[in-house]
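So the sequence lines, in the order shown, correspond to chains F and U.
Numbers 1460 to 1542, taken from my numbering, label the letters of the first sequence in order.
Numbers 1460 to 1542, taken from my numbering, label the letters of the second sequence in order.
A hint or two may mislead.
If chains are identical, the list can't say which one is meant, so a pair holds when it fits in one copy or spans any two.
[Stated by the list, open to error] Result set (DSS-like, lysine-lysine): computed pairs, CA atoms no more than 30 Å apart in a straight line:
id : residue 1 : residue 2
1  : LYS1489   : LYS1517
2  : LYS1461   : LYS1489
3  : LYS1461   : LYS1539
4  : LYS1517   : LYS1539
5  : LYS1489   : LYS1519
6  : LYS1489   : LYS1539
7  : LYS1461   : LYS1517
8  : LYS1461   : LYS1519
Think of the hints as simulated: they come from the structure by calculation, not from any bench.
Protein chains: 2
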Amino acid sequence: MKFRESLGYVGVVTGSLTFVPQVYQAWVSKSVGDLSIWMILILLLNVSIWLIYGIMGKDKAMILANTIIMVLSLLMLYFKLTF
Amino acid sequence: MKFRESLGYVGVVTGSLTFVPQVYQAWVSKSVGDLSIWMILILLLNVSIWLIYGIMGKDKAMILANTIIMVLSLLMLYFKLTF
């Protein structure tokens, strides 16, 4: 596997992990006042775009990563609207 | 331009914009307690990976988007550490 391809996989993994600690902190603290609702909404739009892009290109790593980020974004949105 | 390629450009633009409202809110409120430091650190790692990936592939849109996100991530880190 080429270096750039491996780097892409590391990027997909770290990308999927990015919002895990944020969702965890929001869940534990029940405090989301400092989270921007617009960040969450644009993130949801962005991840939807990349998910469609991934599906159209049959890119499994991209589909998996963006599905994970979409679930995390929806959790952040739910926490933002309910806490 | 094909639909998928156009969608990719929209993804790059919305991706660049994602953290603008969060940086703005942190700057105005001077309150960052609910932001996860680990989200910011993993985001920085992730964006560094995609920046190198973009540079290696000479992908200008990717380089631009990830440079913008890196600047926004560094601002969030600075706010998190100082506010």
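Comparing the hints with the structure gives:
1. LYS1489 to LYS1517: neither (38 Å within a copy, 43 Å between copies)
2. LYS1461 to LYS1489: neither (43 Å within a copy, 44 Å between copies)
3. LYS1461 to LYS1539: This pair counts as neither: shortest intra-copy Cα distance 41 Å, inter-copy 37 Å.
4. LYS1517 to LYS1539: Neither way: LYS1517 and LYS1539 sit 33 Å apart in one copy and 38 Å across, limit 30 Å.
5. LYS1489 to LYS1519: Classified as neither; 34 Å inside a copy, 40 Å across copies.
6. LYS1489 to LYS1539: Close inside one copy (9 Å) and across copies (19 Å); limit 30 Å.
7. LYS1461 to LYS1517: Result: close both inside a copy and across copies, 20 Å intra and 16 Å inter.
8. LYS1461 to LYS1519: both (18 Å within a copy, 21 Å between copies)
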